[in-house]
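Trainee: Below, each chain spelled out in residue letters.
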Amino acid sequence: MFKENEENLTLMLPFGFRDIFPVEAQERKDIDEALRNEFISWGYGEVKTPIIEYTKNISAGAGTEWKDKLISFFDVDGNIVSLRADMTVPIARLSGMRIKERQLPARFFYFANSFRQSEPQKGQKRVLNQAGLEFIGAKGLAADLEILNILINLLRNSGLKDFKIAIGHVGFFEGIAGWFGPDNEGYETVKKNLISKNYVALKEFLAAIDPAKSEVFMDMIKPAKDFKNIEALCRGIADKKVSASIDYLKQVCSVLDGLGFAENIIIDLSIMRDFGYYSGLIFEIYAPGITEMIGSGGRYDGLLKKFGLDVPATGFAMDVDILHKALEGLISDKSRNISKIILNVETTDYLKTLKFAERLRKDGNIVELIFGFGRDTENISLEKKADFIFRIDFKNNSVLVSDLKNNTLETKSIDEFI
Amino acid sequence: MDSEEFDLSISIPKGYLFDVCRQMLKNSGYDTSVLEEQSRRLFTISARDRYRYVFSRPMDVPVYVERGACDIGFAGKDVLEELDSNVIELLDLKNGRCKMVVATNRECIEKVKEKYEHFGSIKIATKYTNITKKYFDSKGMQIEIIKLYGSVELAPILGIADEIVDITATGDTLKLHDLVEMEEILISTTRLIVNSASYRLKFDKINEFIDRIRQ
Numbered sequence: 001m002f003k004e005n006e007e008n009l010t011l012m013l014p015f016g017f018r019d020i021f022p023v024e025a026q027e028r029k030d031i032d033e034a035l036r037n038e039f040i041s042w043g044y045g046e047v048k049t050p051i052i053e054y055t056k057n058i059s060a061g062a063g064t065e066w067k068d069k070l071i072s073f074f075d076v077d078g079n080i081v082s083l084r085a086d087m088t089v090p091i092a093r094l095s096g097m098r099i100k101e102r103q104l105p106a107r108f109f110y111f112a113n114s115f116r117q118s119e120p121q122k123g124q125k126r127v128l129n130q131a132g133l134e135f136i137g138a139k140g141l142a143a144d145l146e147i148l149n150i151l152i153n154l155l156r157n158s159g160l161k162d163f164k165i166a167i168g169h170v171g172f173f174e175g176i177a178g179w180f181g182p183d184n185e186g187y188e189t190v191k192k193n194l195i196s197k198n199y200v201a202l203k204e205f206l207a208a209i210d211p212a213k214s215e216v217f218m219d220m221i222k223p224a225k226d227f228k229n230i231e232a233l234c235r236g237i238a239d240k241k242v243s244a245s246i247d248y249l250k251q252v253c254s255v256l257d258g259l260g261f262a263e264n265i266i267i268d269l270s271i272m273r274d275f276g277y278y279s280g281l282i283f284e285i286y287a288p289g290i291t292e293m294i295g296s297g298g299r300y301d302g303l304l305k306k307f308g309l310d311v312p313a314t315g316f317a318m319d320v321d322i323l324h325k326a327l328e329g330l331i332s333d334k335s336r337n338i339s340k341i342i343l344n345v346e347t348t349d350y351l352k353t354l355k356f357a358e359r360l361r362k363d364g365n366i367v368e369l370i371f372g373f374g375r376d377t378e379n380i381s382l383e384k385k386a387d388f389i390f391r392i393d394f395k396n397n398s399v400l401v402s403d404l405k406n407n408t409l410e411t412k413s414i415d416e417f418i
Numbered sequence: 419m420d421s422e423e424f425d426l427s428i429s430i431p432k433g434y435l436f437d438v439c440r441q442m443l444k445n446s447g448y449d450t451s452v453l454e455e456q457s458r459r460l461f462t463i464s465a466r467d468r469y470r471y472v473f474s475r476p477m478d479v480p481v482y483v484e485r486g487a488c489d490i491g492f493a494g495k496d497v498l499e500e501l502d503s504n505v506i507e508l509l510d511l512k513n514g515r516c517k518m519v520v521a522t523n524r525e526c527i528e529k530v531k532e533k534y535e536h537f538g539s540i541k542i543a544t545k546y547t548n549i550t551k552k553y554f555d556s557k558g559m560q561i562e563i564i565k566l567y568g569s570v571e572l573a574p575i576l577g578i579a580d581e582i583v584d585i586t587a588t589g590d591t592l593k594l595h596d597l598v599e600m601e602e603i604l605i606s607t608t609r610l611i612v613n614s615a616s617y618r619l620k621f622d623k624i625n626e627f628i629d630r631i632r633q
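Those sequence lines, one after another, are chains X and V. Under this note's numbering, read the first sequence as residues 1 to 418, first letter to last. Under this note's numbering, read the second sequence as residues 419 to 633, first letter to last.
FYI, nobody ran anything at the bench for these hints, they're computed from the structure. It is possible that some hints are incorrect.
Covered by chain V, according to a simulated footprint, are these stretches of chain X (three or more residues, beta-carbon under 8 Å) [as the list claims (entries may be wrong)]:
{"id": "1", "segment": "194-202"}
{"id": "2", "segment": "221-230"}
{"id": "3", "segment": "285-295"}
Backbone N, C-alpha and C fix where the C-beta goes; we use that ideal spot for every residue, glycine too.
The following block holds chain V by itself, in its conformation from the complex (with noise of 0.2 Å):
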């Protein structure tokens, strides 16, 4: 994990963050030129700021710093209260926002209220199952959990679930496929996460990298 090469190790997740993270470092005067040609690589080193950079799927992020594999990391809210990590979550960098809500087809919202007091219980796609179950348990609601790992949008449309609870952004895929927001669960924004050992191994140069990310 210690390396002559670099003296930090950064997660970055690809997808809608990536390019917050990207931009966020430029602003803090960090060399993102190798962030630019990132394509099909794993990960690639900044050799001016001897930072490695890591590309991984955003839920990937916080296992990397759980893990020791990076010391820091870019996570969502979301994703750190989906998989309940073991990290410090030291910052909200109060991009990248996004919200988690229970939704449901347009025509089905009597419906859903009738079968919950009939069957005493409803379903619900997700791929956000711990949250899911989280905020249901919360309010003392039965519910039934289906594990989908994309376009959950559908899953009301098929009939295969009552409800979904998923992140949106500005709403326009929920507009887009006839679903109404009921309920929000929570407001997500990127975190910036750090490792405990590192935190307390390598604090000098993390205290440096904070500093000028908050800036």
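Bound conformation, chain X alone (with noise of 0.2 Å):
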């Protein structure tokens, strides 16, 4: 009479969120591993920021598209506040708070989740889980450059094999957009329809202005392993700021090629980013069988000055759950030269039993413990992949060794493992 109902809970996930289990999790380890010693061995420290920061903050540096996609709510006091959206603007919201100018250049990295909104109907993740750095208040083509090279290097030392760094710069659009006349509004359009990828309305939009140049514009954007036709193209246009960003992709190429990297550079000065705060040099990262961008990055030198501190910026993000997927089969589980063993005991010798574990464990095995015989070790034991089943008897002092992979059956005294 005065029992409750019990609740059913729904086994449902909110829309875009996941659950993710050991073989997973164990493979991201190893890849955050490989990243975080590579960006260690550079001289940049890890930071951690609070998921939640004030939507204030964090729309700061956000393209206006971008800021219908944040997570927001009401805090107690009546502040709203959102779930972070990415890590450049927390780390240049913690700069300018912590950061003094003596202290720089700044170089952090991090690995954090992220979230965005998105629609339901389209089923994507509201969840990025993302790794990058920030080079804080570090100027021009040196700083550029170590970031990209720290980039090719994690890519390359993950055996990821014909992967394309895309390169282009904010600077060309400027230019070009006071070659076809100073028209701010003219600027926003272009931006808007590259960063659709709406080529056909970008298109029609200059051509309306000038068709010369929009044939120009259009031919220019387009993907190139040289410079051999943008350069041709770039003297006919005679605009200073188009010029220096085209010699700046050139001076950082040219670095790349005699570091090696040339064939995982393309030149595409289509790239655009659905950021405001990205300022120079900007790039992003594509695999051959992987459809999403694994990653993106670039010079962003006007949001710091946002959170009181005006110094440049450079960095990258990728998205470990595309990187993952991208490596499928190329991660190498450490964990499978470790013996497994299940160790299954009818006693209530407890004592002994956790002493004889720890004595294998010692050994370098991992040892999953199973009172009791009643159950089926056997399917168990094929179910967590393990190499040995011990079944144990402490009365006679012996260990019944079964060894799964190679189908043997073996008794020892327990002696022989102490």
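Can you join these two chains into the complex? Each is in its own frame, and there are hints to help.
Mentor: Encoded structure:
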């Protein structure tokens, strides 16, 4: 009569979120480890920031479209707060709060989840598992080259073949906008269409202003292996900002060529990002067989000023979920070299059992305990991908060792292991 | 996805755009003999051009391209607008022209207006729910959308909707059902779309294809 009705929980997650199981988590850890070692070897230090920030701060650097994608709610004091949507803005905020000019340049890296709203019917994820770095207070070529070098090292060392880093420059569009005429609205239209990848609308818009120039522009934003075509077109434009940005990209490429990275670089002046804060070099990472962008980055000199520290900065972020997919089959499972033993005992002598298991672990094995012979140990062991089952009989001081790989069965004395 | 057998995978819509696309490929000098024998096959490979052609429903073309099953696809602007696909819309091929319109029964024109003033909302039947919503939102009009998968023209006759939003090439079907065009929402033509990763990874092959198609 007084029994409450048990609540039946709906076994569902809010759309766009998921759980991660041990195999994936382990591989993820190995990937993170490789990235971390590279970051640390260049002098970068890890930072962690709160998941929640003031919406005002988060949207400081975001593009207009992106602001709608924040997951926001009211704090108890009535302030609007949001889940962070990337790590660049929180790190800019952190730098503004904590970093003094004399501490610059500052090198930070991170592994973090970021959150962005998406439409339910599109079925897209709302959590991004990101890894990346930010190089704060570093201007110019040296810094851009450093982060590109790190990025290429990471990707090459991971075993990823034939990946491409497409590089472009925001200054190119500023120059182009000036070349077409001093019209800021035009720049926004160009930007909007590049972000939505609508080249048809883009060309129509520009052709209405100047058909000949629009042809040149559309030709320039084709991805290319080298600067031959781009330079020829650039001479016809004769705009300072355009040629300065092309020269900059040429310098970047010539150093990367010297480092032996030429095959991984393409020039792509169509790259534009949905963030307001990019200001110079911008780039995107692609790999064969992976249809999503693995990562992206670039220079964002104007962002930190908004947080009270007027210094340049550059950085990149990778989507670790997508990187993981790209690396499928390339990750060597380190734990496979360690034997996994299912320790099966029918006893209540927990002390002896725990001591014996600890002994085996000290020898470098993974030991999983199963008490009681009643259960179907063989099947459990297969499920758990074990190498051995040790059935212990403390009374007779013996161990029945079944080697699951070689299919052998052998009785040994416990003393052999101790 | 990468194969020894072909360099590019191209998504071709079945239906009225199929012949338009085949003709275009033929005019550009591509081997279209493999497209002639397309009957119930889902895809075919041209060994000479090293292209794989994937045949699909028009609404699925942008999905295949967005998800990278195909590098390139031919899709109507109506479909792209409806799906809001994340693909590069590279070229307007200017063919396959049709328009999307708001239409209603000849006798109902006045009635619909009255109804909107009286009840503050009208019912629209359509296959294109996203475009319809976007269009009426932009006009600040309140509507109820009724999603249908075919024979949208029937809806006003059967009285389940006041107006329809549908695609029309010649206007014949509208006339046949005593419907009149009230407003034009968009003009649709065939667009060449490209997967954004493919565009960077296979740009030489893709640029070559585009240059030939444009000629």
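Trainee: Next step is simple, just say for each hint if it's right about the structure.
Mentor: Status of the hints after comparison with the structure:
no. : hint    : in the structure
1   : 194-202 : holds (count 5)
2   : 221-230 : holds (count 4)
3   : 285-295 : holds (count 8)
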